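The opening residue of the sequence shown carries number 1 in full-length UniProt numbering; numbering runs sequentially from there.
Be aware that a few hints might be false.
To be verified - Restricting the straight-line Cα-Cα distance to at most 16 Å, the calculated cross-link-like pairs of lysine to aspartate or glutamate (EDC-like) are:
1. K44 with E69
2. K142 with E160
3. K353 with E160
4. K297 with D347
5. K348 with D195
6. K179 with E165
7. K297 with D380
8. K73 with E47
9. K293 with D380
10. K326 with D380
11. K348 with D199
12. K129 with D199
13. K420 with E201
Stated by the list, open to error - For each label pair, taking beta carbons as the anchor points, the in silico distance ranges come out as:
14. K57 with I339: 29 to 35 Å
15. K142 with P290: 14 to 20 Å
16. M378 with F417: 41 to 47 Å
17. S265 with S75: 50 to 56 Å
18. F425 with G381: 54 to 60 Å
19. H255 with G406: 36 to 42 Å
20. L249 with F416: 25 to 31 Å
21. I403 with A331: 26 to 32 Å
22. K57 with D387: 36 to 42 Å
23. P252 with I377: 35 to 41 Å
By construction, these hints were calculated from the structure, which means they are not laboratory data. The structure displayed is predicted, hence computed values, not measured ones. The beta carbon of each residue, even a glycine, is placed where N, CA and C say it ideally should be.
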Amino acid sequence: MTSRNPTKTKEHKSDSEDDYFSPYINDALNEAREIVTKGKATEKIGEHILQDTTSIKVDKTRAKGKPVEVIVKRSTIATHYSDEEEDYLSSGSDGEGLFDFIGGKVRSRANSCEDIDKLLASGEERHTKARYHKKKGSFWTKQDNKSSEKDNKNEGANLEIDVFEQTCDYVDGGIVIKKTWEAVWTVQNFEDLPDWLKDNEYLLTGHRPPLPSFVECFKSILSLHTETGNIWTHLIGCVAFFVLALWFLTRPDTHIQFQEKLVFSFFFLSAILCLGASFVFHTVSCHSIPVVKLFSKLDYVGISLLIIGSFIPWIYYGFYCRSIPKVTYIAMIAVLGIIAVIVSLWDKFSEPKFRPYRALVFVLMGLSGVFPAIHFIMTDGISKMIDENGFYYLIVMALLYLIGAGLYATRTPERFFPGKCDIWFQSHQLFHLCVVCAAFTHYYGVYNMAMNRLTNVCPSDANTTLHEKHYRHEEL
Numbered sequence: 001m002t003s004r005n006p007t008k009t010k011e012h013k014s015d016s017e018d019d020y021f022s023p024y025i026n027d028a029l030n031e032a033r034e035i036v037t038k039g040k041a042t043e044k045i046g047e048h049i050l051q052d053t054t055s056i057k058v059d060k061t062r063a064k065g066k067p068v069e070v071i072v073k074r075s076t077i078a079t080h081y082s083d084e085e086e087d088y089l090s091s092g093s094d095g096e097g098l099f100d101f102i103g104g105k106v107r108s109r110a111n112s113c114e115d116i117d118k119l120l121a122s123g124e125e126r127h128t129k130a131r132y133h134k135k136k137g138s139f140w141t142k143q144d145n146k147s148s149e150k151d152n153k154n155e156g157a158n159l160e161i162d163v164f165e166q167t168c169d170y171v172d173g174g175i176v177i178k179k180t181w182e183a184v185w186t187v188q189n190f191e192d193l194p195d196w197l198k199d200n201e202y203l204l205t206g207h208r209p210p211l212p213s214f215v216e217c218f219k220s221i222l223s224l225h226t227e228t229g230n231i232w233t234h235l236i237g238c239v240a241f242f243v244l245a246l247w248f249l250t251r252p253d254t255h256i257q258f259q260e261k262l263v264f265s266f267f268f269l270s271a272i273l274c275l276g277a278s279f280v281f282h283t284v285s286c287h288s289i290p291v292v293k294l295f296s297k298l299d300y301v302g303i304s305l306l307i308i309g310s311f312i313p314w315i316y317y318g319f320y321c322r323s324i325p326k327v328t329y330i331a332m333i334a335v336l337g338i339i340a341v342i343v344s345l346w347d348k349f350s351e352p353k354f355r356p357y358r359a360l361v362f363v364l365m366g367l368s369g370v371f372p373a374i375h376f377i378m379t380d381g382i383s384k385m386i387d388e389n390g391f392y393y394l395i396v397m398a399l400l401y402l403i404g405a406g407l408y409a410t411r412t413p414e415r416f417f418p419g420k421c422d423i424w425f426q427s428h429q430l431f432h433l434c435v436v437c438a439a440f441t442h443y444y445g446v447y448n449m450a451m452n453r454l455t456n457v458c459p460s461d462a463n464t465t466l467h468e469k470h471y472r473h474e475e476l
């Protein structure tokens with residue numbers, strides 16, 4: 001069978017022979033793109049991978065004015081055959097071939113006179129290295145050796161690719177190729193991001209590039225980028241609520257009864273799940289499209305759970321002595337929460353253009369608390385609402401949620417100062433702070449409300465006063 005690459009003399013090709021459209025560069029770029037977006041490269045037709053080592057890492061943490069840098073490395077040894085050669089090998093007539101394909105695995109023949117490294121050393125070499133730069137609003141352009149890296153580091157995106165390839169003929173007509181490449185990608189501008197990472201056009205710099213590795217996503221927690229504040233605000237809040245819940249639930253029964261622990265557990269669990277899901281989502285939001293879709297849904301589900309969990313203890317202690325309105329309003333908020341969860345699982349709900357509608361759904365769900373509040377005022381009066389039901393805390397909590405949702409929906413303040421709030425004081429960070437502060441305000445108000453209820457007794461059937469008759473009449 002005729003070899004496709006008969007020349008075995010070692011050659012070293014010059015870098016200047018290749019341009020942006022070089023197949024060696026493009027093959028490596030396509031593999032890097034697949035690894036970054038899908039997690040692995042697609043095996044080519046007629047190619048059999050014998051060895052494959054791939055790594056992705058963040059080489060730099062982003063200091064002020066410096067871009068995030070990601071390095072993707074891959075080293076492979078593979079055999080390549082034409083269609084005719086594939087048919088010949090699959091027929092079992094592989095003669096004195098170097099490799100047997102048994103059960104999808106490749107093993108070296110015992111009678112082979114040379115190992116792979118020696119074969120490749122006698123073949124052809126090609127080393128290609130190039131650097132490309134993309135300015136805002138323009139296309140990728142190849143940079144020559146005289147181009148200053150310093151001139152480009154603070155504007156646009158940079159891509160460096162280094163490909164080293166060794167090939168040797170094989171007696172069966174195929175070729176063995178050992179290819180090692182390294183792609184270094186720096187990104188800091190919004191325009192240079194893939195579409196699925198473009199969420200807020202007013203944040204111009206400091207974005208993380210795609211990091212299809214959970215390890216690298218979590219390592220980026222310690223670097224400065226547009227998600228740093230979003231990650232840490234809810235990570236700290238999640239840990240704080242976990243510690244608070246642990247303290248509350250481990251109090252002796254002489255201080256806090258089991259029934260009260262159970263009621264507060266709904267609130268603690270919802271807060272921990274909401275803040276935890278948000279923290280994880282913002283950490284892995286640069287991983288890949290499927291991961292972003294999954295964790296954004298979990299993030300929105302967490303918000304719905306927090307609203308439900310916040311209402312349960314307030315309604316429970318607000319209507320502590322009246323079971324009918326207590327059960328009715330808890331059921332109402334549970335149904336609204338289920339509806340919000342269903343809406344949150346809709347794929348389009350997480351798209352940037354639906355940002356105002358997302359805020360509206362959760363605001364309307366939160367405002368449903370107006371109904372039990374009005375009910376209580378009508379039956380017990382505004383003074384009792386203020387004195388016993390934590391009215392002021394409820395108002396502060398509602399204002400914090402509304403302010404946070406308003407900032408989130410309108411992307412304030414970054415819409416008025418594009419590029420000035422890329423790292424700190426952006427709307428999403430402020431929204432996170434409002435959520436954490438509102439949750440702690442709510443806890444303090446409900447705790448005082450519960451202690452007030454538990455130190456008083458419900459009206460007794462045996463000693464019903466006129467006031468108590470009126471109380472029971474209003475309940476119905």
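Verification of the supplied hints:
no.: 1; hint: K44 with E69; result: violated (28 Å)
no.: 2; hint: K142 with E160; result: holds (10 Å)
no.: 3; hint: K353 with E160; result: violated (34 Å)
no.: 4; hint: K297 with D347; result: holds (8 Å)
no.: 5; hint: K348 with D195; result: holds (15 Å)
no.: 6; hint: K179 with E165; result: holds (4 Å)
no.: 7; hint: K297 with D380; result: violated (40 Å)
no.: 8; hint: K73 with E47; result: violated (19 Å)
no.: 9; hint: K293 with D380; result: violated (46 Å)
no.: 10; hint: K326 with D380; result: holds (15 Å)
no.: 11; hint: K348 with D199; result: holds (13 Å)
no.: 12; hint: K129 with D199; result: violated (33 Å)
no.: 13; hint: K420 with E201; result: holds (12 Å)
no.: 14; hint: K57 with I339: 29 to 35 Å; result: violated (43 Å)
no.: 15; hint: K142 with P290: 14 to 20 Å; result: violated (33 Å)
no.: 16; hint: M378 with F417: 41 to 47 Å; result: holds (46 Å)
no.: 17; hint: S265 with S75: 50 to 56 Å; result: holds (52 Å)
no.: 18; hint: F425 with G381: 54 to 60 Å; result: violated (42 Å)
no.: 19; hint: H255 with G406: 36 to 42 Å; result: holds (40 Å)
no.: 20; hint: L249 with F416: 25 to 31 Å; result: violated (44 Å)
no.: 21; hint: I403 with A331: 26 to 32 Å; result: holds (29 Å)
no.: 22; hint: K57 with D387: 36 to 42 Å; result: violated (59 Å)
no.: 23; hint: P252 with I377: 35 to 41 Å; result: holds (36 Å)
When each numbered hint is compared with the structure, violations occur for hints 1, 3, 7, 8, 9, 12, 14, 15, 18, 20, 22.
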